[in-house]
Amino acid sequence: MYNRLYKLTLIHPAFEELYEKFEKSFGLNQQEQSAVTGGIKSIVFPPILISKLPNDVRDICNEFNFNFNNNHPLAAMLLLRRLLPLCIVRKFQKLGKENDIKDGDDYLETKNLLGKIENYLKEKKVYRELLNYKILTDSSQHSYTFFPELSDVQGAALKIRLILEDLFV
Amino acid sequence: MRIMNVEEKVNKEILFVLRKIRDRELKTKKGAVIEYYTSNVLLAGEGYPLPSDEGKILEKLEEMGVLKIHNPGGTSDYV
Numbered sequence: 016m017y018n019r020l021y022k023l024t025l026i027h028p029a030f031e032e033l034y035e036k037f038e039k040s041f042g043l044n045q046q047e048q049s050a051v052t053g054g055i056k057s058i059v060f061p062p063i064l065i066s067k068l069p070n071d072v073r074d075i076c077n078e079f080n081f082n083f084n085n086n087h088p089l090a091a092m093l094l095l096r097r098l099l100p101l102c103i104v105r106k107f108q109k110l111g112k113e114n115d116i117k118d119g120d121d122y123l124e125t126k127n128l129l130g131k132i133e134n135y136l137k138e139k140k141v142y143r144e145l146l147n148y149k150i151l152t153d154s155s156q157h158s159y160t161f162f163p164e165l166s167d168v169q170g171a172a173l174k175i176r177l178i179l180e181d182l183f184v
Numbered sequence: 651m652r653i654m655n656v657e658e659k660v661n662k663e664i665l666f667v668l669r670k671i672r673d674r675e676l677k678t679k680k681g682a683v684i685e686y687y688t689s690n691v692l693l694a695g696e697g698y699p700l701p702s703d704e705g706k707i708l709e710k711l712e713e714m715g716v717l718k719i720h721n722p723g724g725t726s727d728y729v
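In order, the protein sequences belong to chains U and Z.
If you want the numbering used here, it's the 1-based position in the first sequence plus 15.
If you want the numbering used here, it's the 1-based position in the second sequence plus 650.
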């Protein structure tokens, strides 16, 4: 593939008028722009939620949205696997209760972290549903036969989104 | 995942080209001809035109009366 060079002269003010019209009608607004990576619009984790998250959790959500939008289910699922324990750790740090989720110098495993966060969730139903999806996200990393579909990813992501909204909004 | 209809997709692609022209315009001396290079990589995601479609969009914009192309069809880098 090679570049082609076009030499142009703009016709004013027609160019500006068309440019403004397209920006207004089809461009992203400021809130959406803050939640994009590489110009791709977010789908699963909405901009308003993302703006309220700790920085590293926000980065993962943006990266997830990018992979999800570009049909990369495995990459998106692996990001969810990282997102889940991280958001719990950040919540406990925010509460000043980091020691509650440590065993010596190390943090507890994700399963135990989930057990710890249950009491801080307003919606217990979300916690129970999330346990089922943990199998899915874990299998994405450990199973040699399971490859997630985009619909699997979306189901798991929506549960994690509910947890994020419960913890940080 | 929501799929854009054809009109939405094309309008996004036109916006991509308009932004690129605007970028080139801001970096070009006043009154000088604007040099627009089509992309040499395929960009992922809806709303990004194929490199071959960028030229077609430029022609469409010329038809709409917002710019003039001095070298129709463009010039290859290797010529």
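Hints listed in this document are in silico derivations from the structure and should not be mistaken for laboratory results.
Heads up, the beta-carbon is just placed ideally off N, CA and C, and yes, glycines get one too.
Take these hints with a grain of salt, some might be off.
As the list claims (entries may be wrong) - Restraint ranges, calculated between C-beta atoms of paired labels, are given here:
#1 Z:E685 <-> U:E32: 38 to 48 angstroms
#2 U:N70 <-> Z:V683: 12 to 22 angstroms
#3 Z:N721 <-> U:A29: 48 to 58 angstroms
#4 U:S40 <-> Z:L700: 36 to 46 angstroms
#5 U:P28 <-> Z:K679: 14 to 24 angstroms
#6 U:Q169 <-> Z:H720: 42 to 52 angstroms
#7 U:D153 <-> Z:K710: 24 to 34 angstroms
#8 Z:K679 <-> U:E31: 38 to 48 angstroms
#9 U:E31 <-> Z:E657: 16 to 26 angstroms
#10 U:D120 <-> Z:E657: 51 to 61 angstroms
#11 U:G42 <-> Z:N721: 41 to 51 angstroms
Said to hold, decoys possible - Some chain U residues judged to face chain Z by a derived CB distance under 10 angstroms, without partners named:
#12 T24
#13 L33
#14 E144
#15 F162
To be verified - Here are the simulated BS3-like pairs of lysine-lysine, each with C-alpha atoms no more than 27 angstroms apart in a straight line:
#16 Z:K718 <-> U:K39
#17 Z:K659 <-> U:K22
#18 U:K22 <-> Z:K679
- Item | Unsatisfied constraints (hint numbers, rising) | Failing hints, ascending: 1, 2, 3, 4, 7, 8, 11, 14, 15.
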